[in-house]
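Chain V is fixed; fit chain L onto it per the hints.
Here are the chains, one letter per residue:
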Amino acid sequence: MSEYKRLSAPFDKAALSELRAGDRVFLDGVIYTARDAAHKRLFEGIQNGTQLPIELKGQGIYYVGACFKDGKPISAGPTTAMRMDKYAPTLYDNGLAASIGKGDRGQAVYDAIVRNGGVYLAAIGGAGATYAHSIKDSTLIAYPELGTEAIYRFEVKDFPLIVAIDSKGGNVYGR
Amino acid sequence: MKNIAYQDIVNEVAGLTLACSRLTPSCTAAMMEACTKERNGNARFALEMLIKNAEVASEAHLPVCQDTGMAVVFVKLGQEVHIEGGLLVDAINAGVRRGYQENGYRASVLDPITRVNTRDNTPAVVHISLVAGDGLEITFMPKGFGSENMSRLYMLTPSEGMEGVKRCVIEAVKLAGSNPCPPIVVGVGIGGTAEKAMLTAKEQLLREVGAPSEDETLAALEKELLSSINELGIGAQGFSGDTTAFAVHIGKYPTHISALPVAVNIQCNAVRVSSVTL
Chain V
91 MSEYKRLSAP FDKAALSELR AGDRVFLDGV IYTARDAAHK RLFEGIQNGT
141 QLPIELKGQG IYYVGACFKD GKPISAGPTT AMRMDKYAPT LYDNGLAASI
191 GKGDRGQAVY DAIVRNGGVY LAAIGGAGAT YAHSIKDSTL IAYPELGTEA
241 IYRFEVKDFP LIVAIDSKGG NVYGR
Chain L
6 MKNIAYQDIV NEVAGLTLAC SRLTPSCTAA MMEACTKERN GNARFALEML
56 IKNAEVASEA HLPVCQDTGM AVVFVKLGQE VHIEGGLLVD AINAGVRRGY
106 QENGYRASVL DPITRVNTRD NTPAVVHISL VAGDGLEITF MPKGFGSENM
156 SRLYMLTPSE GMEGVKRCVI EAVKLAGSNP CPPIVVGVGI GGTAEKAMLT
206 AKEQLLREVG APSEDETLAA LEKELLSSIN ELGIGAQGFS GDTTAFAVHI
256 GKYPTHISAL PVAVNIQCNA VRVSSVTL
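The listed protein sequences correspond, in order, to chains V and L. Numbered by my numbering, the letters in the first sequence go through residues 91 to 265 in order. Numbered by my numbering, the letters in the second sequence go through residues 6 to 283 in order.
Here are a few chain L residues that face chain V, going by a calculated C-beta distance under 8 Å:
id: 1; residue: Asn47
id: 2; residue: Phe50
id: 3; residue: Leu55
id: 4; residue: Lys57
id: 5; residue: Ala62
id: 6; residue: Leu67
id: 7; residue: Val69
id: 8; residue: Gln71
id: 9; residue: Thr73
id: 10; residue: Tyr110
id: 11; residue: Ala112
id: 12; residue: Arg120
id: 13; residue: Asn122
id: 14; residue: Gly182
id: 15; residue: Ser183
id: 16; residue: Asn184
Hints in this document: simulated from the structure, not taken from any laboratory. Here a beta-carbon is modelled for each residue, glycine too, at the ideal position from N, C-alpha and C.
So here's chain L without its partners, still in its complex pose:
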């Protein structure tokens, strides 16, 4: 049994929120590649500006984008860990609160009915999985809602098969159009229940941009869909162009004999993820 102190978790999570001020290296690389090969002048203008913006943000510790998101936190909690001094979720929220307030990150979270803002960007959305060992891995993803609003869930019938899956992903990207700040990363979850499909889709956004699935069939599907999506010609910011998506990341989970769920969760051009293991 390993003891981890509540306050240590608060401090680490506050530090993780600094991800709001930098793109992940794989996102920057994808953006530069897209910019180099872009043939549409307006789209290239947008990509050049985004590359410069990421440099400015990272050097001056400014938020890359003013939408510093809802804090989505993925936890892998070792079964041999005991947390001392308070509840894990409280510690995560305290870290988010401090990180957002200290760095001037936006308080974007409110009650969905009264629309009254909580003023400190809490609560975070926390997903905890219990794993073997005595580690505590915390991954922070500030998820902007220009892209989150474009999420879609399709409950297909098994007869619709892989052609149905492809149709849904393309349709979701088409309907999202210029709204989610393309170039995007398309997270897809196939199978499970309704909520498991969407969570699987979101988990795929944690992968390095463009890192293929370890499953060969899914990797081939990712490649095929990426090419179809980029043929749509939506382009950076919807200005038309060669790169609508940097990558398609697909995950799967066993599902019911009656079902073929397909969830699409979209990530905007500002991929921001940070992780720590205690």
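Chain V on its own, in the form it takes in the complex:
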């Protein structure tokens, strides 16, 4: 097993520019969850110029709808990132530094990542129990009515990821 780089969230753009596709990283710090329904709301918020429930600048969004038991995440692996492709370029253009999900992205997302010096990090789809173990704290932030699709703030430690698209557009998908 090759070595891991350490990475902390919120992200420093200079640190992100050092990452290359295929690098394995352990992420520490704070990330926010959002999947289909929350993305629709964030996107509409940006379009309408309303205040978002989270500050996007420098942040990472994790595409996940976790399983919770007694208020704690017990399984929290990534969902298919491609479904967020409609919204992701707008989020990157408004300050988002990193998205975390599984599976390849469309060209518009590649372009937005390169344009903004961001990254796309891949978590391993199907490894939900492992990821939950790396979530040290979870707080509901917005849209509680969406259930598992609400926005949560996750404090993570040693969260294992692969750099899937780096800030230059290099990727692990053979494109």
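Just chain L, lined up with the frame of chain V:
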């Protein structure tokens, strides 16, 4: 005539949902084999993590994957069975509701128009077949939608023949790419009507991973397609690699003189199935 109580069905189905916390033994075996022979470092990293994850999940009764699916339930109901105290489908839904809520499995089911979540992962999708005898066999498959979203139905013309069938299966896997959490199991249904083809494809996912079809022609086709699919090089998680699919499982049903339906239903790397006979 045998009587089976509504509440017994509820209890058994609630117990079946525990399948969300463990891979089937044949899935684990396929994953380990794929990991041993994988030459791509990133793909091997993914497979090692998935193997470890399955151990952690099973020991601590945690969901293997946070997508604990829509509950797809296959029932073989003996004609000599009488269910007392309520409706069969209600009992199944009550069992799913209890199992998901008690174990913290995700409520992923919502109204397709309003997108309002039912909050208890019901209703299940229930397929009932009437069979001889006085048994009641219930099989539970939590079907994740990263893979379900990659399903495809092709209504070929008969002139397209077996070459057309092969082309469709390969195309469906290629288009799915990294999305369905490969390595996958590819369920294929050939023949019937549109819905019969898709149901046949889904039923193939209940087989032990890699168990060949009893039909020799289909078994040979499974082998050939598996090899072509793995030559695509999509690999675990789409990171490129040697194993894109663990297996191809094909079923067939007679079809109309005008048609050659081909349905492809994909299973992600987390094969979770449980079964009970009352």
